[in-house]
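Protein chains: 2
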Amino acid sequence: MRKQVELHKSRFLTELVEFLSIPSISSLSEHKPDVQRGAKWLADSLELAGMENVEIIKTEGHPIVYGDWLHADDKPTVLIYGHYDVQPADPLELWETPPFEPTIKDDKIYARGATDDKGQLFIHVKAMQLLMEEHGKLPVNVKFCIEGEEEVASPNLAPFIKENQEKLSADAVLISDTSFIEKGQPAICTSLRGALALELNVETANTDLHSGSYGGGVPNSIHTLVELLGSFHNNQGQVSVEGFYEGVPEPTEQLRNEVAEIPFDEESTKKQLGLDVLYGENGFTFQERVGIRPTLEINGVGGGFQGEGLKTIVPSQAQAKISCRLVGDQDPSEVFKRIEQHIQKQKPVGSKVTLNQLIQAKPVSLDSTNEMIQKAASSFEKVYGVRPLFPKEGGSIPIVEVFSRVLDAPVVLMGFGLPSENLHAPNEHLHIENFTKGIETVCDYLLDL
Amino acid sequence: MRKQVELHKSRFLTELVEFLSIPSISSLSEHKPDVQRGAKWLADSLELAGMENVEIIKTEGHPIVYGDWLHADDKPTVLIYGHYDVQPADPLELWETPPFEPTIKDDKIYARGATDDKGQLFIHVKAMQLLMEEHGKLPVNVKFCIEGEEEVASPNLAPFIKENQEKLSADAVLISDTSFIEKGQPAICTSLRGALALELNVETANTDLHSGSYGGGVPNSIHTLVELLGSFHNNQGQVSVEGFYEGVPEPTEQLRNEVAEIPFDEESTKKQLGLDVLYGENGFTFQERVGIRPTLEINGVGGGFQGEGLKTIVPSQAQAKISCRLVGDQDPSEVFKRIEQHIQKQKPVGSKVTLNQLIQAKPVSLDSTNEMIQKAASSFEKVYGVRPLFPKEGGSIPIVEVFSRVLDAPVVLMGFGLPSENLHAPNEHLHIENFTKGIETVCDYLLDL
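Chains A and B are the protein sequences, given in the same order. Number 78 in full-length UniProt numbering belongs to position 78 of the first sequence; there are no gaps in the numbering. Number 215 in full-length UniProt numbering belongs to position 215 of the second sequence; there are no gaps in the numbering.
Keep in mind that the hints are not guaranteed to be accurate.
Mimicking DSBU-like on lysine-lysine, the simulated pairs with C-alpha atoms at most 30 Å apart in a straight line are [stated by the list, open to error]:
hint: 1; chain 1: A; residue 1: 347; chain 2: B; residue 2: 271
hint: 2; chain 1: B; residue 1: 347; chain 2: A; residue 2: 345
hint: 3; chain 1: B; residue 1: 271; chain 2: A; residue 2: 352
hint: 4; chain 1: B; residue 1: 352; chain 2: A; residue 2: 271
hint: 5; chain 1: A; residue 1: 270; chain 2: B; residue 2: 347
hint: 6; chain 1: A; residue 1: 271; chain 2: A; residue 2: 437
hint: 7; chain 1: B; residue 1: 270; chain 2: A; residue 2: 347
hint: 8; chain 1: B; residue 1: 347; chain 2: A; residue 2: 271
hint: 9; chain 1: A; residue 1: 345; chain 2: B; residue 2: 345
hint: 10; chain 1: A; residue 1: 162; chain 2: A; residue 2: 58
Read the hints as simulated data drawn from the structure, not as lab findings. Fair warning: this is a prediction, and the values are worked out from it, not measured in the lab.
Using the sequences and the accompanying hints, generate a full structural model.
This is how it looks when you write it as structure tokens:
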């Protein structure tokens, strides 16, 4: 299909630019209309690709976009999942080109959502269109189920899947929302960490107070916050919340070997990130720390005066965002309880502390020997000339565990991103080569099934 | 003078409203034109009050406003100091009326700067005007030296004083920028804490990273920040920076008794602030903690994602604002060095940490038996019917130490604020009763000298 892809490449890119310029940020309520616009744009695009029964399905949050083509008789059915929502774009000042004015530069397309996940999702839409144009039909039955809430942990998709098992039933779930190991080395991820995201709020007095008149004599919300946040780790890089590691499997020799097989260049990683050292839990390698070990990271913190210059106050309010990555049999609800208990135990006097859960997702493990996954590996090999590796991914795609369990189907994580593509960060981008080769790979895979 | 004050009260208040509506925030560069407008307004007001040689003196920062009336021959000379700049107004959402739309309610005037220090400064301007209108002259020689940088620690006034010793020479320096003990109980403050304000910046990677792909494997700027900030205090409420307490005098029995004499109602303070407990350095009372003990307070903290919802990043940048109050012979430069050493010692691997000094001021102590201070006490007593107390103030007016040392004159801290007037906080206000009685008190004092 390489020729056909090349023929239509510039048209496809023009369409992708249009898709990427919609700021469909699911976590910010002021962008709700943009998320809706994103759903509408995607639905139109599915119809253009020849999908039938295209629906924009309302939920309590952002809509799900569905479409199918079911005329391949006894051929297998593939359910394609992806998400059209994106992360917030701040800090805006660090973007070299505006996040929602997609810019093509050095064979990459720069925009929020370029790799996570609009660009990768669009690979499938365009693959269907090419197959239809080429053969007048698809080689397998296809269902698209695309959500607009992945970046807020899919609160409405899980119930939707449970209520629509028949409608969504499939022989494989195909998802492109993960990364290569590095440029030229494809990967099919076979393990995803679970997640638990929290918001911690501290309140002391009912107003900010003058640090001259009250400083030293009243509780300070930021002192409480940093004391609590500082208590989450010990100096071995371990999480010091009692019970946090319950359910975390002791890594077997085999697992450690598998992880070690994934190529990783510490020096070039440090150089790329501008770091003198990498840092994490004692006794584990970088790949283990980010792949098979659980973590607790503070994602944001704020309180008191943050402007230019100074304001000598005792701040009355402070807050932090925290997220955990979970593995093995760690249960997000249980981890939440443990953190709550930890805070109650550590909490200094004079502060009101509240902990809210923002999202949770269970860890998931997939069987790399499954036929559906092995065939995907073959298609990768055909297009890229290199057989994919099967890494343990550090990130979380909460819905993978639900698809796998509720639909009882193998999930094929056929990612076309690169780890260097700044997902969730300023200057997110997608290599156009992987966009076009991605379309080839998907076409080959479906033709092969 | 009560009658004359009452006669002109409404005109004076209209003028004060005009003065308070100028957002002369010295710490925010976008308000530079407003600060200049404030200086011009004040200069016009001094001329209206009959002052001569009125000048707006340029500095490297915001201008100093000078004016004098020197025709009282061999009578003493009083230098009046105040500041026309104000604190930032945020958090704006907590103001019940807009900070720069002064509002009169329940005999109070609400606005940023109402009590700190425009309202108190304006007492002197209007006192001069009344004395001039009444007697055609002033009973003493008067010099006004008003700055626009008090809230950023007077970086240009100190050199100005040193270069203009002759021009500013006086028998007393009169300042209204402090508070009563409580409504009806005036106070002449005889001790001010010094100050040291700092900005702490932490940087790790050159960009925010995805907490799924990198979480647990790279340094997190907020982890470093909270570890450092959390290390500044021990669980006794003491500052744990080595050498911090050098130069802090062991409080004598007499000093502790003096401090204990200042009325203080713990229960009503807690109730007013919405606090279950007060908190501070072990072994000291609330009044000691905020009056004669040094402190280190975190005034603000920020880093990573602070918006609505979540963003699962490993943040690469985080910062904090810190300020110390100093007493006795503590030297701000020495304390800065100690904090720097502490940070170098505590700093975790993989972080670039920088510490910048924003302001510094030495502590100051005044002799309450001085005649100029005792006469001020008598004027307070005449107008309010209560003799003032002589408390140790927890705040810092950095320039007091400079006036006292360079001009070798007693400084009279004749404050008309109330501790409940929310200075540096939302809903700052001034009791109009203290504005009018303040004018009376100042007139009486000058007539008495």
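Results for each hint:
1. A:347 <-> B:271: 21 Å, holds
2. B:347 <-> A:345: Roughly 26 Å between the alpha carbons, so the hint for residue 347 of chain B and residue 345 of chain A holds.
3. B:271 <-> A:352: 15 Å, holds
4. B:352 <-> A:271: Measuring from Cα to Cα gives roughly 15 Å; hence the hint holds.
5. A:270 <-> B:347: Holds, because 19 Å separates the two Cα atoms, which is no more than 30 Å.
6. A:271 <-> A:437: Holds, at about 29 Å.
7. B:270 <-> A:347: Holds: residue 270 of chain B and residue 347 of chain A sit about 19 Å apart, inside 30 Å.
8. B:347 <-> A:271: At roughly 21 Å apart (the allowed maximum being 30 Å), residue 271 of chain A and residue 347 of chain B satisfy the hint.
9. A:345 <-> B:345: 28 Å, holds
10. A:162 <-> A:58: Holds, at about 16 Å.
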